[in-house]
Amino acid sequence: MTTDVWDTWELVVGLEVHAELATRTKIFCSCPNRFGDEPNTNVCPTCLGLPGSLPVLNRQAVELAIRLGTALHCTVAGSIFHRKNYFYPDMPKDYQVSQYDQPIDSGGWLELPSGFRVGITRAHLEEDTGKSVHVGESGRIHGAEESLVDYNRAGVPLLEIVSEPDIRTPEQARAYVTELRAILVATGVSDAKMEEGSMRVDANVSVRRRGTERFGTRCEIKNLNSVRSLGRAIDYEARRQIVMIEAGESIRQETRHWDESDGRTHTLRVKEDADDYRYFPEPDLVPVVPDDAWLERVASAMPLLPSERRARLAEAFGVAPSAEAVALLVERAQDDHALAALAAGGDAVRVLVHEEHNLVVDGVVQHVAPGRLAELTVLEVGGKLTATQAKAVLADLAAAGGDADPAALAAAKGFEAMDTSAVVAAVDAAIAEDPDAWAKFLAGNDKAAGALVGRIMKSTKGKADGKAINAELAARRTATA
Amino acid sequence: MTGPDTAAAIAADVRAGRRSAREVLDAHLARITRRDPELHAFNLVTVDEARRQAAAVDAIVAAGGDPGPLAGVPVALKDNLCTRGIPTTCSSAILRGWRPPYDATVVERLRAAGAVTVGKTNLDEFAMGSSTENSAFGPTRHPMDPTRVPGGSSGGSAVAVAAGFAPLALGSDTGGSIRQPAALCGVVGVKPTYGAVSRYGLVAFGSSLDQIGPFAGTVADAAMALEVMGGHDPKDSTSLPHSALSLSAVLDQGVAGLRVGIIDEMRTGIDPDVWARVEAAAEALTHAGATVGTVSVPAVTYGLTAYYIVAPAEASSNLARYDGVRYGLRVDASDTATMNARTRAAGFGPEVTRRIMLGTYALSAGYYDAYYGKALKLRRLMAQEFAAAYERFDALLSPTSPTVAFPFGAKTENPLAMYLSDVCTIPSNLVGHPAMSVPFGTGAHGLPVGVQLLGPGLSEPVLFRAARVLEEAKA
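Those sequence lines, one after another, are chains S and Y. Going by our numbering, the first residue of the first sequence is number 39, and it counts up by one from there. Going by our numbering, the first residue of the second sequence is number 45, and it counts up by one from there.
Some hints here could point you the wrong way.
Pulled from the structure, derived: some chain Y residues nowhere near chain S, Cβ distances all over 12 Å [what the hints assert, rightly or not]:
no., residue
1, 75
2, 88
3, 90
4, 110
5, 190
6, 286
7, 336
8, 342
9, 349
10, 390
11, 394
12, 422
13, 436
14, 518
One-sided excerpt, in silico: chain Y residues whose CB lies under 7 Å from chain S [to be verified]:
no., residue
15, 245
16, 251
17, 252
18, 367
19, 369
20, 407
I should point out that these hints are in silico values taken from the structure, not numbers from a laboratory. From the three backbone atoms N, C-alpha and C, an ideal C-beta is built for every residue, glycine too.
Extracted from the complex, chain Y is given alone in its bound form:
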């Protein structure tokens, strides 16, 4: 095998009968067996289930059929995506042992496209965190420097792709949980337009912000995954009525004439080694024919503030159901209220507890207008400012994360420092726009740096074209 084993190469080989899905799976399982005990990207590797799926793909090929665009491609799933009969934990003690009776829509669609799901990846508990240190099952390690974090919350999925455990992985992004770990691990990560991918089967954190998206080694692989996952789903009321966006076909159209704006407010607080890569990306885009300028979106400076009202508020409600009554952990007591309280105290980690308290407070009688109501106003203001920016620019450029991967424990004592990891990614979630992180060289300690491309709703085709240009420029 020469070159990176991409999803595109695997699917082409499997569909043509040059490689079997079984063979592909075994190669990836071997890598997992060799290295995952150290990295802990997976909470669970579903070997038997993956073998069954691979065998089914091979049987279709043997019968002269086409298993689909992701034929035989191993895919890792963040462990907050429901998988029928397979434990789905959200890396929380409160859900330990719970087996959903249904598959998330994205999981169904991947399988229907011939993908082979290999396991469930580690995350910050309920996707709350930026380092994957908040997992009830222990942290995930950075594949290039195991003393450092991979970012989070989808750290396991980022590492699965970066370490070659699977060419594709799915994550969820509420405030940067796909893009930030993608940047830190040197892979492509996409947060699609809100509603472009069904949330059905994604265990909710902040429902108005959550989106599922892909991690991939290449821009083309991310495009393939998104084409399979996306499109309207009648099971999700917030799902957009569109069919999946066509991305692969436009990937190589280049950026000639494209207007790209560097977000002025996302310069502050960024490490110089990271900023240097943003400037390099701007040069690369200019070189490819884009016009690069600077744009001010002042409201993004309130992003963290608004986010840490809205996301915890929604989370406090979404996580109420873990009460010990129906599934997951139960700590018995003589009355229901005490049972609820003891179960939740025992089942949730400190960061989840902190956010539930924050959110509960923000929604309390007498505080709603001051907090939640104001945060909603900020979201509207931010949307207006972005809309104005997109009158002058087709896409915007920023760093993904202010820093490269940081050492374990560096920010665990100071939640606010940890929250700042997402300062550049949060605004896209607040306005529901797409954004993606593309690896663009390295910074301090030779660690990867990702740059972020942002665009208005449903502008993924534009972002993917720019991402492809950056990918080529780097090579």
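If we strip away everything but chain S, and leave its shape as in the complex, we get:
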């Protein structure tokens, strides 16, 4: 199949994300909410569902749900809990306390760095289940000799965040999850670690012919353990569905399991087997009705969200909010550093370049005082240092503890900007040494310039400014023509 399938087919994806809340204790009891402890040590009658035990809602969990709802522009309203009834050994009560028709957060949106908005249907509170451990060769339930259950996770608070089916490409799906994770972390709602399972993503995938309105039959994909798997799984699943439909078959609504090792999705269970969850209002809990004062308190204490930080950065540097450098800096929490360098008088273009490439690549961003970075860029734009030299000085600056005079460091390295006559002489010498490259360059082969630039850099020990050399070469070619 060629990529042209997307000319005739459209992908439709909605995502369900489960985020474990970063509360101190569990959602309905005072056991610690902590990952990685010895099995069955963070348990009590309530989270073990012992007869006679009762739930008491964790106020912090509600607060975090309000915070996320605010961040996602949701309506935060009074809500109630329901019981979702089904038998499963890692669920102590054989029902899950969850929100059903009255979730705490509903009707919001999330804006991707590209500016694309994904609708948020709802985000609701619920309790997590325990974890089954199957003892045996395979590690899966089939063929296990015995199964053990760890209830430390039972009762950990979750928010299930359901998107509208607005996502149209695997890239958007990845960007959505990346952005949502950033929001969860920025707001302190969750540590959102996919690898530890504190953020779990299920994807509802369907396809339809372009120009049609009706959604195709969807399949739910589980076991997506990274943003990369998410993209791969959606792409695979969409193509699988297209092949089937084009072969005249119909799609069966089912839950499918993504297998990272073979890069395919496999049937987990079909819709007909689905449980009837017999939802009914949880009689052991009372409605959650956050008052306006609480909502306002949360709203006024909201940290800057990633989208707001991108907007702030973009405006300060005079670039588009959708620029890759902007997304990258915010994602890596370097935006404050960049803004400080700019405020200290740094050159916008050069600061952004160093933040995006040099500092990140060499991992030295935290070690350079913003003011010193600003001074460095001033030397660059003043023609005192070439870009290559500046990079070397930056490394020395970081090695020196981040707070040294860039001009002094440059002098110590023997760096001084070459004057124009020196550049002209170096270009003359390079042409003389490699007339073939010069001939090719004259004939229109731009790549041939690389060989000449390389010679010049070598002869000047990197002091020459690449831009100045290229300009000189181009000027001579124009003159020759």
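Based on the hints, put chain Y in the right spot on chain S.
Same frame as chain S, but now just chain Y:
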């Protein structure tokens, strides 16, 4: 010893050092040893534990301290109340041998008030029944006629008080499980306002209906118990924010000027000997200065219908956890689903199985609106009608049970006939209001008859005043 050995008398004596808790306990244990093999009020008598508690009470008195308002008072606990380290079975094979790692809030509060818990009483399995015949450990017998049932589901607790095994006992009331056996056994039984007593540690049956309450020989003893048990508990989200209601102080204020309404709809299907006692109670209240009239609350006639949707629905969910995975009975099988099914088939008796099936059906996709949703509407309608009635009356009066204690097996073949035993008690649970049964003379075969007093939420002080008047009138 002269007169009935009431909780009030015992506590007064023990606090004053006139009797030791040990002495009181031994007298009650002697009665249990003598008669409980026949009556089977108890699933378990915790002799050693009770002796330790009595010794602790005596030590406090000896040291010049006050063990509390229930000092040395023996209390029997329905076996669906969790007791730390002591088996709690709900009279079900599925929980045999399970020892809770914690005490119910009411148990903690009783002990903190100086009470001595003597054992766990028999009940209809998981509190589902009206005769205590549905126990996995065999029925409890009526102390005045051992060929008859004591009522249920808290039959063991009612008998414990009626037979003098303990002056106080705790039961749970989901649709009448305290009041009906109290009526049949001739003792006082109270179903408090929903939320007035913490449910923490009560093994759930119908969570939106369940309330724990006391059985006592006298109205004053019931008041003392409720004062100790009641009040807000942060462990129960449905617990009301109030502190325990003050009852003892108002007991003797009488009913002069009180407006009491006889519920018209609770006249139908009542045995004449029982109805005669309701009329006598009305006369007694009138004589004491109350104004008695008649009131219609039509929605109560749908009480049974609504109840047999809501209670089984909640039960089907509450009882799901008995799956063989974590505690209690397990019947092994090669896969989890089969193990669940076999364990539950072996562990639950027929009435519990019936109600789980009823409730599962009522909550099923496509049936929710027709059953559970409609039952919720009925609860709201009933609450509106009661609210209207309470604009004209301070309290309402009815029979507690349509009949006196009936013979074993009389209703076991016909679940609907058994369910009718609770026709007068169920409405209070559906609306969350308090109600109590007070013994008021005898009916057929010389067996006790109880009359029921009903009131709006938190009206216990009014009900106890009226109950006290009836108690005095009877004497």
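Comparing the hints with the structure gives:
Non-interface call for residue 75 of chain Y relative to chain S: holds, since the shortest CB-CB distance, roughly 29 Å, exceeds 12 Å. No beta-carbon of chain S comes within 12 Å of the beta-carbon of residue 88 of chain Y; the shortest separation is about 16 Å. In this structure residue 90 of chain Y is separated from chain S by more than 12 Å, as the shortest Cβ-Cβ distance comes to about 18 Å. For residue 110 of chain Y, the requirement that its beta carbon stay farther than 12 Å from each beta carbon of chain S is met, with the minimum near 30 Å.
No beta-carbon of chain S comes within 12 Å of the beta-carbon of residue 190 of chain Y; the shortest separation is about 31 Å. The non-interface label for residue 286 of chain Y is consistent with chain S: the shortest C-beta to C-beta separation is roughly 15 Å, beyond 12 Å. No Cβ of chain S approaches the Cβ of residue 336 of chain Y within 12 Å, the least distance being about 36 Å, so the stated non-interface status holds. For residue 342 of chain Y, the non-interface assignment is confirmed: its Cβ lies about 26 Å from the closest Cβ of chain S, beyond the 12 Å cut-off.
Separation of residue 349 of chain Y from chain S is adequate, the least Cβ-Cβ distance of about 17 Å exceeding the 12 Å criterion. Every CB of chain S is more than 12 Å from the CB of residue 390 of chain Y (nearest about 16 Å), matching its label as outside the interface. Here residue 394 of chain Y stays apart from chain S, with its beta-carbon at least about 21 Å from theirs, past the 12 Å limit. Consistency note on residue 422 of chain Y: stated as away from chain S, and its beta-carbon is indeed over 12 Å from all of that chain's, at 15 Å minimum.
For residue 436 of chain Y, the shortest C-beta to C-beta distance to chain S comes to about 30 Å, beyond the 12 Å cut-off, and the non-interface label holds. Every C-beta of chain S lies more than 12 Å from that of residue 518 of chain Y, the closest at about 37 Å, which supports listing it as non-interface. Against a cut-off of 7 Å between C-beta atoms, the interface hint on residue 245 of chain Y holds, since the closest Cβ of chain S lies about 4 Å away. Taken as an interface hint, residue 251 of chain Y checks out: its beta carbon lies about 4 Å from the nearest beta carbon of chain S, inside 7 Å.
Evaluation of the residue 252 of chain Y hint against chain S yields a held restraint, the C-beta minimum of about 4 Å falling below 7 Å. Because the beta carbon of residue 367 of chain Y sits about 6 Å from the nearest beta carbon in chain S, less than 7 Å, this interface hint is met. This hint holds: residue 369 of chain Y has a C-beta 5 Å from the nearest C-beta of chain S, less than the 7 Å allowed. Evaluation of the residue 407 of chain Y hint against chain S yields a held restraint, the C-beta minimum of about 4 Å falling below 7 Å.
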